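Number of protein chains: 2
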Amino acid sequence: MRLVVIGGVAAGLSAASSARRRDPSLDITVLEKGEDISYSACGLPYFIGGEVPRAGELMVYTAEFFRRERNISVLTAHEARAIRPARRDVIVGEGNRFPYDRLVIATGARSRRPPIPGIDLPHVVCANTLAEARALQEHLASQRPARAAVIGAGYIGLEMTEALRKRGLEVRLIEASGQVLGREEPHLILAVQEELARHGVTWMRETQVSAIEPGRICTSAGEFPCELVVLAAGLCPSVELAAEAGIQIGPTGAIHIDDRMQTNLAGIYAAGDCAETVHLVSGSPVWLPLGTTANKMGRVAGENASGGRARFPGIVGTSVVKVFTLEIGMTGLGGTAARRAGIAAVSAEIRAPSRAKYLGGQAISVELTADRQSGRLLGGLMFGAEGVAKRIDVVATALHARLRARELIDLDLSYAPPFAPVWDPVLIAARRLARLLD
Amino acid sequence: MRLVVIGGVAAGLSAASSARRRDPSLDITVLEKGEDISYSACGLPYFIGGEVPRAGELMVYTAEFFRRERNISVLTAHEARAIRPARRDVIVGEGNRFPYDRLVIATGARSRRPPIPGIDLPHVVCANTLAEARALQEHLASQRPARAAVIGAGYIGLEMTEALRKRGLEVRLIEASGQVLGREEPHLILAVQEELARHGVTWMRETQVSAIEPGRICTSAGEFPCELVVLAAGLCPSVELAAEAGIQIGPTGAIHIDDRMQTNLAGIYAAGDCAETVHLVSGSPVWLPLGTTANKMGRVAGENASGGRARFPGIVGTSVVKVFTLEIGMTGLGGTAARRAGIAAVSAEIRAPSRAKYLGGQAISVELTADRQSGRLLGGLMFGAEGVAKRIDVVATALHARLRARELIDLDLSYAPPFAPVWDPVLIAARRLARLLD
Numbered sequence: 004m005r006l007v008v009i010g011g012v013a014a015g016l017s018a019a020s021s022a023r024r025r026d027p028s029l030d031i032t033v034l035e036k037g038e039d040i041s042y043s044a045c046g047l048p049y050f051i052g053g054e055v056p057r058a059g060e061l062m063v064y065t066a067e068f069f070r071r072e073r074n075i076s077v078l079t080a081h082e083a084r085a086i087r088p089a090r091r092d093v094i095v096g097e098g099n100r101f102p103y104d105r106l107v108i109a110t111g112a113r114s115r116r117p118p119i120p121g122i123d124l125p126h127v128v129c130a131n132t133l134a135e136a137r138a139l140q141e142h143l144a145s146q147r148p149a150r151a152a153v154i155g156a157g158y159i160g161l162e163m164t165e166a167l168r169k170r171g172l173e174v175r176l177i178e179a180s181g182q183v184l185g186r187e188e189p190h191l192i193l194a195v196q197e198e199l200a201r202h203g204v205t206w207m208r209e210t211q212v213s214a215i216e217p218g219r220i221c222t223s224a225g226e227f228p229c230e231l232v233v234l235a236a237g238l239c240p241s242v243e244l245a246a247e248a249g250i251q252i253g254p255t256g257a258i259h260i261d262d263r264m265q266t267n268l269a270g271i272y273a274a275g276d277c278a279e280t281v282h283l284v285s286g287s288p289v290w291l292p293l294g295t296t297a298n299k300m301g302r303v304a305g306e307n308a309s310g311g312r313a314r315f316p317g318i319v320g321t322s323v324v325k326v327f328t329l330e331i332g333m334t335g336l337g338g339t340a341a342r343r344a345g346i347a348a349v350s351a352e353i354r355a356p357s358r359a360k361y362l363g364g365q366a367i368s369v370e371l372t373a374d375r376q377s378g379r380l381l382g383g384l385m386f387g388a389e390g391v392a393k394r395i396d397v398v399a400t401a402l403h404a405r406l407r408a409r410e411l412i413d414l415d416l417s418y419a420p421p422f423a424p425v426w427d428p429v430l431i432a433a434r435r436l437a438r439l440l441d
Numbered sequence: 004m005r006l007v008v009i010g011g012v013a014a015g016l017s018a019a020s021s022a023r024r025r026d027p028s029l030d031i032t033v034l035e036k037g038e039d040i041s042y043s044a045c046g047l048p049y050f051i052g053g054e055v056p057r058a059g060e061l062m063v064y065t066a067e068f069f070r071r072e073r074n075i076s077v078l079t080a081h082e083a084r085a086i087r088p089a090r091r092d093v094i095v096g097e098g099n100r101f102p103y104d105r106l107v108i109a110t111g112a113r114s115r116r117p118p119i120p121g122i123d124l125p126h127v128v129c130a131n132t133l134a135e136a137r138a139l140q141e142h143l144a145s146q147r148p149a150r151a152a153v154i155g156a157g158y159i160g161l162e163m164t165e166a167l168r169k170r171g172l173e174v175r176l177i178e179a180s181g182q183v184l185g186r187e188e189p190h191l192i193l194a195v196q197e198e199l200a201r202h203g204v205t206w207m208r209e210t211q212v213s214a215i216e217p218g219r220i221c222t223s224a225g226e227f228p229c230e231l232v233v234l235a236a237g238l239c240p241s242v243e244l245a246a247e248a249g250i251q252i253g254p255t256g257a258i259h260i261d262d263r264m265q266t267n268l269a270g271i272y273a274a275g276d277c278a279e280t281v282h283l284v285s286g287s288p289v290w291l292p293l294g295t296t297a298n299k300m301g302r303v304a305g306e307n308a309s310g311g312r313a314r315f316p317g318i319v320g321t322s323v324v325k326v327f328t329l330e331i332g333m334t335g336l337g338g339t340a341a342r343r344a345g346i347a348a349v350s351a352e353i354r355a356p357s358r359a360k361y362l363g364g365q366a367i368s369v370e371l372t373a374d375r376q377s378g379r380l381l382g383g384l385m386f387g388a389e390g391v392a393k394r395i396d397v398v399a400t401a402l403h404a405r406l407r408a409r410e411l412i413d414l415d416l417s418y419a420p421p422f423a424p425v426w427d428p429v430l431i432a433a434r435r436l437a438r439l440l441d
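Residue numbers (my numbering), protein chains in the order written: chain A, 4 to 441; chain B, 4 to 441.
Treat the hints as calculated values from the structure; they're not laboratory data.
Watch out, some of these pointers could steer you wrong.
Identical copies look the same in the list; a pair holds intra-copy or inter-copy alike.
[Said to hold, decoys possible] Here are the simulated SDA-like cross-link-like pairs (lysine to any residue), alpha carbons at most 25 Å apart as the crow flies:
id : residue 1 : residue 2
1  : K360      : A66
2  : K36       : A66
3  : K360      : T132
4  : K360      : T328
5  : K36       : L291
6  : K360      : A138
7  : K360      : V55
8  : K360      : R57
9  : K360      : R73
10 : K360      : F327
11 : K169      : S145
12 : K360      : A388
13 : K169      : T205
14 : K360      : E60
15 : K360      : N131
16 : K360      : E389
17 : K360      : P421
18 : K169      : H142
19 : K169      : Q140
20 : K169      : G218
Here the structure is a predicted model, which is why all the values come from computation and not from measurement.
Based on the sequences and whatever the hints tell you, model everything.
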């Protein structure tokens with residue numbers, strides 16, 4: 004039995020490794036188009052910002068490790084050109100055939116490139132792959148740009164903004180919409196606005212980039228000098244290879260799979276940033292390219308591609324980001340998203356200290372949203388200077404368990420002055436929400 | 004309608020305040036035997052250690068605040084001597100009568116005082132009340148003891164050990180059992196041992212104190228010079244007043260109440276450290292005196308004493324403590340406790356970084372326990388240098404929701420390099436546990 008995996012980063016290598024764990028005799032080949040494998044893409048902003056001094060620290064395993072320890076052949080600079088389901092093979096480069104019995108597609112996602120004049124100039128860069136990040140580092144070192152524009156206020160845009168500020172650049176963050184991280188809650192916008200301003204970043208909201216020129220960026224709000232442009236205007240799933248092979252693409256634009264990571268073609272699985280999954284709160288297909296989901300999907304794809312019967316039910320849409328000293332966490336549906344999904348939602352927002360005030364605890368904002376009809380919890384949004392990241396996980400766990408907002412009030416959450424106040428902010432928000440639901 | 008509350012700290016004042024919210028016309032009197040009200044008892048070790056410079060910072064509200072803002076009469080130095088259910092009154096001091104229609108008992112807990120010769124000497128102190136903590140501060144300032152013994156390795160003992168070390172004392176922590184925090188897991192014992200040693204504390208396990216003398220403590224492991232002894236050998240619920248009035252005491256030794264905080268006598272409620280509640284994992288009565296539970300119980304007692312129908316279902320036994328740089332969190336039942344409760348339990352323990360290693364993430368230990376038969380999650384124990392306190396809340400939430408261990412694997416927990424590794428330690432432990440359950 005031959006397993007071929009296309010893609011050698013998070014999902015692909017998780018799939019290969021879990022297939023190996025299940026079946027020691029499987030012939031496993033991973034095809035990676037780039038030069039790098041098994042690195043933390045989420046760590047790239049910290050490499051750019053200088054907190055991670057060497058790119059090598061972001062690498063988890065080498066191809067040699069996979070060959071020696073797991074008997075997995077990982078081939079870099081092997082770009083798959085075509086999948087031929089009828090012949091059960093993958094064509095690489097100039098016609099090199101890789102036959103398979105089972106195939107896992109983990110082609111990932113890439114930067115969206117808006118049709119802006121000048122977008123292909125050499126000072127316009129992305130930082131989604133290790134190769135791109137290395138190129139950006141070299142650009143920073145050799146060109147010494149003083150002013151940068153980051154296009155897009157999603158999590159990569161925010162992280163790259165911080166990274167470039169840390170490197171001493173003047174940074175302008177340009178976002179076409181009025182949102183940040185895809186959210187429009189005014190109290191969140193304001194907090195991000197203040198945090199960016201406090202760190203000398205100009206955030207231009209509802210601003211369109213009309214052209215990029217050497218040394219200048221032209222926008223709907225004026226023209227500004229800038230020697231570096233970082234493109235972070237969202238990602239799109241890399242599905243061309245799959246689509247051309249007749250594999251079904253879902254409504255989100257990513258590869259459609261079932262809860263066993265199986266595509267519509269027998270023996271072909273997909274996992275990670277190229278595939279969609281199910282949002283467990285809305286019940287709808289969702290595409291949210293995040294490393295942790297990619298790893299989970301990869302593991303399940305690998306297990307099933309080697310004869311197992313694993314399932315991945317879906318996500319609740321948890322994400323967290325740090326921008327300077329501000330932590331922002333979210334999970335599930337906010338009020339707007341819920342209403343868009345046809346759910347009558349009610350939200351409660353509170354501010355409360357993240358730990359005892361007499362030990363320096365600072366207030367964080369917690370917003371919880373519930374279904375007005377059933378009282379079921381739909382989502383949470385938190386931000387503040389501390390204690391957000393793992394606290395949002397309480398809400399994520401409650402969403403998985405389909406708890407009602409009222410049930411959160413009694414949660415026996417940990418308390419000790421260095422870590423939490425006697426009423427955890429989640430409990431205070433739950434009480435407020437329960438009162439609104441009465 | 005007159006509501007009388009006995010006890011003016013966490014549960015008592017929560018009860019009075021929530022009764023006032025429900026019923027603006029209620030006549031509410033709080034009787035507090037001490038001089039202080041509404042302070043964070045859990046903050047006392049930080050006052051002793053010097054992180055909280057003034058006791059006043061631990062006070063949340065004053066009696067004047069309660070009178071003015073909430074129309075609640077809080078009487079300090081009013082020790083209840085008797086409850087007379089037949090006459091519906093409370094006797095204070097030399098026979099002062101306080102008639103009530105509804106009564107909330109929130110008499111709290113006090114230090115257990117083992118029958119050790121010399122235990123009443125002036126250099127043997129507790130630090131459970133603000134008055135005791137102030138006295139200890141004065142003792143430290145005036146007597147300048149150089150060597151202290153802390154008796155009891157529960158959370159107060161550990162926190163006081165750290166506090167006294169911070170004040171420059173040589174500290175010996177003496178624990179009669181082989182446990183720490185009531186747990187006997189060897190990997191936890193070892194971690195605490197190492198942490199205490201690293202901070203110059205001598206931890207004497209399985210050591211009995213036979214006598215205390217001025218300047219000396221005599222133990223089963225020898226005699227040691229010591230000018231200060233802190234008693235932290237556990238707490239016991241203050242139930243005498245209730246018991247003498249015919250109020251039922253439960254199997255734990257604390258006041259028995261139903262899920263509405265109602266005692267066996269009509270119109271009399273109890274809440275906080277003097278009362279027992281239900282352990283939602285074992286289903287058994289449990290007494291675990293913690294501030295957060297006290298506040299929740301107080302709120303429910305106050306709501307029901309003013310005509311409401313609130314419920315408090317119980318706890319899962321979550322607690323967290325910081326000792327020097329070690330965070331220890333636990334919730335639910337460990338393997339030993341589960342087996343003692345007649346449940347065939349299986350545990351899995353892993354060590355994994357709490358956040359990205361390339362950003363300095365340190366390994367934490369996570370142990371999860373499940374019921375072998377049903378696969379249901381029973382509890383978790385975590386410790387490490389960071390990222391423990393709120394992470395244990397994921398397990399606590401899962402226990403409330405009665406999730407099976409297997410369901411934890413797919414939890415969509417937050418991931419970003421500064422906060423978590425791509426596989427959260429909870430997920431890694433859940434996978435290990437699920438494999439053991441297969």
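A quick look at each hint next to the structure:
| no. | hint | verdict |
| --- | --- | --- |
| 1 | K360 - A66 | between (50 Å within a copy, 20 Å between copies) |
| 2 | K36 - A66 | within (13 Å within a copy, 71 Å between copies) |
| 3 | K360 - T132 | between (42 Å within a copy, 19 Å between copies) |
| 4 | K360 - T328 | both (18 Å within a copy, 20 Å between copies) |
| 5 | K36 - L291 | within (23 Å within a copy, 58 Å between copies) |
| 6 | K360 - A138 | between (45 Å within a copy, 24 Å between copies) |
| 7 | K360 - V55 | between (33 Å within a copy, 10 Å between copies) |
| 8 | K360 - R57 | between (39 Å within a copy, 13 Å between copies) |
| 9 | K360 - R73 | between (50 Å within a copy, 23 Å between copies) |
| 10 | K360 - F327 | both (22 Å within a copy, 19 Å between copies) |
| 11 | K169 - S145 | within (17 Å within a copy, 50 Å between copies) |
| 12 | K360 - A388 | both (13 Å within a copy, 22 Å between copies) |
| 13 | K169 - T205 | within (15 Å within a copy, 44 Å between copies) |
| 14 | K360 - E60 | between (37 Å within a copy, 9 Å between copies) |
| 15 | K360 - N131 | between (39 Å within a copy, 20 Å between copies) |
| 16 | K360 - E389 | both (13 Å within a copy, 20 Å between copies) |
| 17 | K360 - P421 | both (9 Å within a copy, 24 Å between copies) |
| 18 | K169 - H142 | within (16 Å within a copy, 49 Å between copies) |
| 19 | K169 - Q140 | within (13 Å within a copy, 45 Å between copies) |
| 20 | K169 - G218 | within (21 Å within a copy, 56 Å between copies) |
Hint compliance for this structure: every hint is met.
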